[in-house]
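These protein sequence lines are chains R and U, in that order. According to numbering that gives the first Met the number 0, the first sequence is numbered sequentially starting from 0. According to numbering that gives the first Met the number 0, the second sequence is numbered sequentially starting from 0.
Please keep in mind that the hints were generated in silico from the structure rather than gathered at the bench. Please note that the accuracy of each hint is not assured.
[As the list claims (entries may be wrong)] Covered by chain U, per the in silico footprint, the following chain R stretches (three or more residues, Cβ under 8 angstroms):
| no. | segment |
| --- | --- |
| 1 | 32-39 |
| 2 | 63-76 |
| 3 | 96-103 |
| 4 | 357-369 |
[Said to hold, decoys possible] Not the full set, but computed from the structure, chain U residues with beta-carbon under 8 angstroms of chain R:
| no. | residue |
| --- | --- |
| 5 | Thr-46 |
| 6 | Thr-47 |
| 7 | Asp-51 |
| 8 | Ser-53 |
| 9 | Ile-55 |
| 10 | Trp-61 |
| 11 | Val-130 |
| 12 | Leu-211 |
| 13 | Asn-215 |
| 14 | Ile-218 |
| 15 | Leu-221 |
| 16 | Gln-233 |
| 17 | His-240 |
| 18 | Gly-241 |
| 19 | Glu-242 |
| 20 | Phe-243 |
C-beta atoms are modelled at their ideal positions from N, C-alpha and C, and glycine is treated no differently.
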Amino acid sequence: MRNLYYILIVSIIVGMWGCSQGPTTKADVIIWHWMTDRKPAFNDLAKKYKEETGVSVEFKLFAPSEIYSQKVRAATQAGTLPDIFGVLGEKKDFAIFVKAGHILNLSDEMQANNGEWKDRFFSKALIVNEFKRGNEYNAPPGIYGVPIDVMNIQMLYNKDLFKKAGLDPENPPDDFEEFIAAGIKLKEVGIQGLVSGWAEVWMIDCLASNFAFNLMGERKIMSTYKGEVPYTDPDWIRVFSLFKEMADKDILARGIVSMNNKDAEQNFANQRAAFAFNGSWCVNVYKGMNPDLNYDVMFVPKVDRGNQMLIWGGAGSSFMVNARSENKEKAVEFLKWLTGGPQQAYLAEATNNLPANRESLSQISPILSKFAQSMEYTTHPNIWPVHEKSQVIETFDLGIQSIILGTKTPQQVAQEVRQVKEREMDKERQRTLSRN
Amino acid sequence: MMNKSSLIYRSRRFMGGFGVNLFLLIVTAACIFPLLWMFGSSLKTQTTVFSDMSVIPKELHWENYYHAWTEGNFGTYFLNSVIYTISVVIGIVLVSSLAAYAFSRLQFPGRNFFFYMFLAAMMIPLPGAFVPLYVLMEKIGLRNTPHGYVLCLINVGLSLSIFLLKTFFDKMPKDLEDAARIDGCSKLGIWWNVALPLARPALAVIVIFNSLNVWNEYILALILFDEAKYMPLQVGLSTFHGEFVTQYHLLMSGITITIIPIILVYIFMQKHIVKGLTAGAVVG
């Protein structure tokens, strides 16, 4: 029985350890977040805020983001949400929280003092956090989130490789023809053209969407999503053909369709490709991988002069205030302070993310500033009035992969996407009929 | 002089042995290479992880281990993980051996029903139970406490452990128990003095499997705990794994630190594993 005594002793020690952890001193404002790389900067800002106002703020990190999302959902059910938190996922998920009354409507605060708070932000950063009257989710209208940074996805080019190929590093290609010509020149000296993580199909979707906005404009794209314009329309076939042209001219990096974005970033950082299609977060990534990388940002090459090209972007990360929190006033005050110019500049400098406050652009690095200059030309599926069906998007993206691999033609892919679209529309019609 | 058939036999044996050894060497290399790469990367810088493809770099950055330990707050997390692992494994061994012994030897109403319920619990993936578990722990005041976390993990490990031990006890000769009973042993005494010592190989498997599970667990900890001071070691690793940027050199140093204890447990108990997995055949 001596062993049993040992077990009992260990159990008592463990029990005492559990109890000896002591009570936790609760901060005035508690924030849950998932941004590992921003943890030190957030802690510094919380310390500064305490010094300035006497209000204690505690940032609690729960990463990775998938687990964070589960924790937020569980806390919602148990009524233990913190004062400030973030809702990850699509806008329909955000709407569920809003409709359930978990998130404070910040419209009045934003509009106070002639919209002083609202006017600090890039307009596109707020749209993601806003529900307009009559929105498709039936969420009460208002602004429900505070963007703390923004992002967009553009092209990047390696200036040293440009010089090597005899190209002007200060004049990157402006349109698709120039882009193809530059790619061919680079290829002649053995340099790969464009690299991107196109195994992650949303990135293909993103570039295809950029081209589509430029070629046919938002109205025609939305008409396609509504089922009024078929995917076999010449403009859509042209979108598919652009990828075929890049593949035929051999200006895409080897294995691009099976490459995840981390590998693509590594290839660009190690100067194995001259162009990259990547988000503004890459500034931080490239800095870690190759601090000496000599690169710059360029807008996605235009394919048409008719419509404004729109790139994907908007709020990077946003915070929401718990509508049932006892400290919601303090939480709102802290978010106002956090989105102020000096704090946003500090965050941008410490984390290499684009600030949500447009007034702090003069205080950030030139490369981030260049990214930020295109914020007004951003769009995002989350803010579109109509959404394409997921099966159609999947066929569309996989089709482009097939075009790049040379197994399908643009016309074949267009036909396939059209068929899937029609099938999905039929299903929806039948569902509507059976409901009525 | 060797005759022809003997030569053929020997060369066949040599080729057969060579083939098996070559295959085993390839498998070993495939198993060891990721560990070597991890160790090599733990001695590189963030930049050379992506540019220096050699397994062991020319310039060794041992300071990565110090940075990983301090920046990842490994001091606190390491102690937490050791305590969680010990207490959960003790809890699982005690409860599962008692339950398995009862299912195997005692007659009570609903015996099979409860046993199958335990087996059914093995089919439920833990992520599917996160939300109800969170709400339950909150309601009984055990969320955000180490005790609550330990109880959840004991519960997670019970099904498989009970199943393994019951199979073992079922094949244990009843004569041994009869002899113990004649010597004046109570039911609890038989469990402690006869059944448990004989079940040592199965217990070793349970200890190893559950130690691995608890040591590598971090998802439930992130869901249940709000305070960093309660988090286990694996959470420390997430410090180096950002949304877009991963500090690979520190992450690899951290992983190297975290796998050392579990490798030690495995080395000390490996001789019992095969024995335990084929437990029924050797009992008694």
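Right, here's what the structure says about each hint:
no.: 1; hint: 32-39; verdict: holds (count 5)
no.: 2; hint: 63-76; verdict: holds (count 10)
no.: 3; hint: 96-103; verdict: violated (count 0)
no.: 4; hint: 357-369; verdict: violated (count 0)
no.: 5; hint: Thr-46; verdict: holds, 6 angstroms
no.: 6; hint: Thr-47; verdict: violated, 10 angstroms
no.: 7; hint: Asp-51; verdict: violated, 11 angstroms
no.: 8; hint: Ser-53; verdict: violated, 15 angstroms
no.: 9; hint: Ile-55; verdict: violated, 20 angstroms
no.: 10; hint: Trp-61; verdict: violated, 20 angstroms
no.: 11; hint: Val-130; verdict: holds, 5 angstroms
no.: 12; hint: Leu-211; verdict: violated, 20 angstroms
no.: 13; hint: Asn-215; verdict: violated, 14 angstroms
no.: 14; hint: Ile-218; verdict: holds, 6 angstroms
no.: 15; hint: Leu-221; verdict: holds, 5 angstroms
no.: 16; hint: Gln-233; verdict: violated, 11 angstroms
no.: 17; hint: His-240; verdict: holds, 6 angstroms
no.: 18; hint: Gly-241; verdict: holds, 3 angstroms
no.: 19; hint: Glu-242; verdict: holds, 6 angstroms
no.: 20; hint: Phe-243; verdict: holds, 4 angstroms
The earlier numbered hints that this structure contradicts are 3, 4, 6, 7, 8, 9, 10, 12, 13 and 16.
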